[in-house]
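Taken in sequence, the protein lines are chains R and G.
In terms of the numbering used here, the first sequence has 1231 at position 41, counting the first letter as 1, and numbering is strictly consecutive.
In terms of the numbering used here, the second sequence has 368 at position 353, counting the first letter as 1, and numbering is strictly consecutive.
The set of hints was computed from the structure by calculation and includes no laboratory data.
Remember, predicted model here, so these are calculated numbers, not experimental data.
A portion of the hints provided could be inaccurate.
[Claimed, not checked] Here are the simulated DSS-like pairs of lysine-lysine, each with C-alpha atoms no more than 27 Å apart in a straight line:
#1 R:LYS1376 to G:LYS770
#2 G:LYS776 to R:LYS1376
#3 G:LYS99 to R:LYS1376
#4 G:LYS308 to G:LYS337
#5 G:LYS155 to G:LYS99
#6 R:LYS1376 to G:LYS376
#7 G:LYS376 to R:LYS1230
#8 G:LYS64 to R:LYS1230
#9 G:LYS335 to G:LYS308
#10 R:LYS1230 to R:LYS1412
#11 G:LYS64 to G:LYS97
#12 R:LYS1230 to G:LYS770
#13 R:LYS1376 to G:LYS468
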Amino acid sequence: MRNFEYFEPKTFAEASALLTRYGGEAELLGGGTDLIIGMKDRTLTPGYVISLEHVPGIEGITYDDCDGLWVGAMTKMRAIERSSIVRERYTALAEGAEEVGSIQIRNLATLGGNIAHGSPAADTAAALLVLDAQVKIAGGEVERSVPIADFYLGPGQTVLRTGEILTGFSMPARSANSGSQYLKHKIRQVMDLAFVGVATSVSLSNGTVTDTKIGLAAVAPKPIRATDAEAIITGSSLSGEVLRQAAGAAAGQSSPISDLRCTAEHRREIVAALTKETATTAVARAQV
Amino acid sequence: MSEHAVVGKRLPRVDALEKVTGAAKYGADINFPGMLHARIFRSTEVHAKIVGIDTSEAEKLPGVHAIITQDDIPTGRAVFAKDKVLYYGEALGAVAATDPDIAEEAADLVKVEYEPLTVVQDVMESIKPDSPNLLNDKTKDGPRRRVITRQLKKLSKVTDEDNSAEIDRLNTELEGLDDEIYYNVAGETHESAGDAEKGFAESDIVVEGTYTIPRVHQVYMEPHVSVAHAEPSGKLTVWASTQGHFAIRSGIAGVLGIPLSDINVVGVTMGGGFGGRFNIQATHVPAVILSQKTGRPVKAQLTREEEFLDGRPGAGCIIKLKTGAMNDGTLVARKALAFWDCGSVAGGPIANTIRIRGVYKFPHLQMDAYAVHTNKSGTTSYRAPGAPQAIFAGESQLDEIADIIGMDPVDLRMKNMREEGDQVPAGAIEPIVGYKETLQAAADAVDWWNRKKEPNQGWGVAVGDWTNGCGPGAVYVSVHEDGSIRLFHGSMDITGTDTAMAQIAAEVLTVPYDQVSITRGDTNSAPYNTGSGGSVVTFTMGNTAKLAAEDARQRLLELASQRLNTDIANVELKDGKVSLTNGDAPKSLSLGELAAYSLSTTGGPIVGKGSLSGKLSAPAVAVQIAKVEVNPETGTTKVLKTVASQDVGFAINPIAVEGQIEGGVVQGYAWSMMEEMQYDEKGNVNPGFVDYRVPTSADIPRIESVIVEVPAPNGPYGAKGVGEPSLTPTLATFANAVTDATGVRINDLPIKPEKIVNALKSNGNGSR
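Using the sequences and the accompanying hints, generate a full structural model.
Encoded structure:
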């Protein structure tokens, strides 16, 4: 690891000022589960590290039926997976958080870090996509809100500009007749990176699926929605034939690569299999 | 069953407290004031000529104290690459600096000029004539060429009859066997019994297959580390994390060309070894030479990435196997041709290809095995070297035969298993063994013949065998004035072996277990000891501890008979004291009293000595049964149940034995389902735990261990080596279970989900 200067700002303004001052030479420290590894590998060599740990107002989970769910960027994965409201209404997000690393890692890792890192394989990304998350970003005096679908630009690249800090995520309120699931294809039961991640969210009305969102991770340069598959499922009663068609459509919309983990072809097959499975589970959960 | 008071009991380990409190000192915990940190600089090419190494920029970096290359090795023995590199990550030299970060920066500043050469990483490519010649090996003949060449040699010596027609025929056949001239072969081994070809001709069915087993790393928790201190006098001390500190001493003495008496190796608590921790050049030699150059203590420690790039993993191989059997399940013949990928260093466990014979009565057997050089790091031992690979092939093929003839897999194995007195194919006569008992025990534990499964579920069984080694070792036992006992020896504790020795001494001297302590000496103080590998330790050191304790007991009896004025025949050691066995008045002396008394005798303090070099060991067997469930859409496998039975001879400490069995199962499961070192033209592409997967406890639910005890005639209390057998059947167990669940057989490990999905596709989705 190279030497660096370390800051622990106590206010958002202070953090923002530091970030503006050091610009591209600075890295923000959330849970450190990506940053520190990169620094040890010397793939990241920041001259300045700014910790967000003591910055108020960017950690926690709040919910009301009107504004929906807000999750602060510094909220730990472990807190998200254990939150009863997240488990109940935003199940896919709890399941995504639960898939990250080990319990020890999840006690450090933050939702903001998982997303700001820009990985197309982030475990929470597919869930945030199907839960309609807005990414809250602040820089200096300016605040903005970006739909999660527009947040990613490519592998490791996001819309975050120099001097900006990701502060949190908001998701619209969800009714009791909605359901969601995130599934990750992996070789090891826990502590494995996603070969493929699929999240599906649905709402039901009189046995018909009224709203479907399918998010895919690790099968394109950024997390994407499988809109063709969504259109096939919405308005249906989710028959076997609908599932089969939707699975094929989702696989068709993915553009995975072959790498040392598996081939692109296998990833497409898994997208199809997990689209079927998550859609089935999401509908079942919406019925409860 | 309670004929013993201490051995055979579930007792806590002697090192339990220091391990769980973190007090145990591992190599990384050794630090000295003024200590420097070493960093190895490494090849960035897979195969290249070294044109030049320029260390000038690195030398200028503040904090750098010394830089060494192969030119600094006094005897010229290979430590660093000099003229050419044979793999990515090969060590070229080392830097010593005031802190690890500076050392790392400096290592990056070393400039190396290369002239790239053609790369060959696949063993089947490497044996071809057009592959680059990696280490100037002579060509070797394949199995058939070998036979013909020998016949021709024999015929050429015959002068009293005309064999010219036969000679012509053989020469013609030889000319057609060009593909049996192998290049880049580092070693070969051949065994046979009967006539395999005749056996196949007589068989009702013959099954053939090619089995591919990847190279895997031992992934011991602690990367290689050493701290060396060279004193101005020339004396060296090395704190080494190793399985055998005496082997490290002789290794360093050889490379440096100095006497053994100038080197003291302190074996520190070891963070796992599995056969991979005997290496001297990874960290020990670089630390020593850098310390000699700087006069300061030097710590050399590998990162996990370096462990993968330049460790010495277990060899992968390709085994072409053929088995012939009768329709009633009688095994007739088996033939194997194996190519082991030994990378840059000659070796590879080629001799253990013979494990394809398993524990069965093959009348006809043939085995030809070759170690092949490739542009990869060298390999070394990994827990029962070679056996899991060979047994994977053998036990997979047995299940295929069982399936074809419609026989239960356990029945097929039971029918063909050897017993005491049977001929071991290409071996000796089988001594007393527990093969059938152990198979029966595993089958009973799962109620095998009434086993049930749901769709996509399957059961797998496999049998593996191994025989522990025995090496030189010695123990001293002292009896102290308070009655406490101390053992002193030079064996590296591995998986509870110190505990077993302490239990044995307590048993012989009839004292409570917690009255016995045990100390490991460094190479300056302890008697010579063999390394802790090959399942030797409890067998060897258990025997020496027993001999030493018996020697001390003899002295205690002599002292007591003197003190009590009676013949030695009239005293006995029982419950920690020596008592008169005759006479009216009960008289006894405690061990403490006798130890205190000894101090004023002409014989002096009580020291028992036990020393031995070799004893004939007894074959052990491990049987494992697993039940799995495979998702046919995603190819993912879930383990539902695992039972592992093993003939351990006698379990000195059942907790430790179960730990060994469970550990072997976990490693074998990983090897069959997820672990593999992957390579592309740039070298090893998964040198870390992100893409080199080892399982967690979530992958393998509870493993049920079943201990079988068929005593080893020469083992301490009948104990056999338990460390290695438990890994031998596991690869095949899980492969057979996956086949039972899916109807497809994957002979190319690891059985990743993608392979299952693809096999099911080409099989028309034949899930059962």
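Here is how each hint holds up against the structure:
no., hint, verdict
1, R:LYS1376 to G:LYS770, "holds, 14 Å"
2, G:LYS776 to R:LYS1376, "holds, 20 Å"
3, G:LYS99 to R:LYS1376, "violated, 39 Å"
4, G:LYS308 to G:LYS337, "violated, 57 Å"
5, G:LYS155 to G:LYS99, "holds, 24 Å"
6, R:LYS1376 to G:LYS376, "violated, 42 Å"
7, G:LYS376 to R:LYS1230, "violated, 56 Å"
8, G:LYS64 to R:LYS1230, "violated, 31 Å"
9, G:LYS335 to G:LYS308, "violated, 51 Å"
10, R:LYS1230 to R:LYS1412, "holds, 26 Å"
11, G:LYS64 to G:LYS97, "holds, 9 Å"
12, R:LYS1230 to G:LYS770, "violated, 35 Å"
13, R:LYS1376 to G:LYS468, "holds, 25 Å"
Hints 3, 4, 6, 7, 8, 9, 12, counting from the list given before, are not met by this structure.
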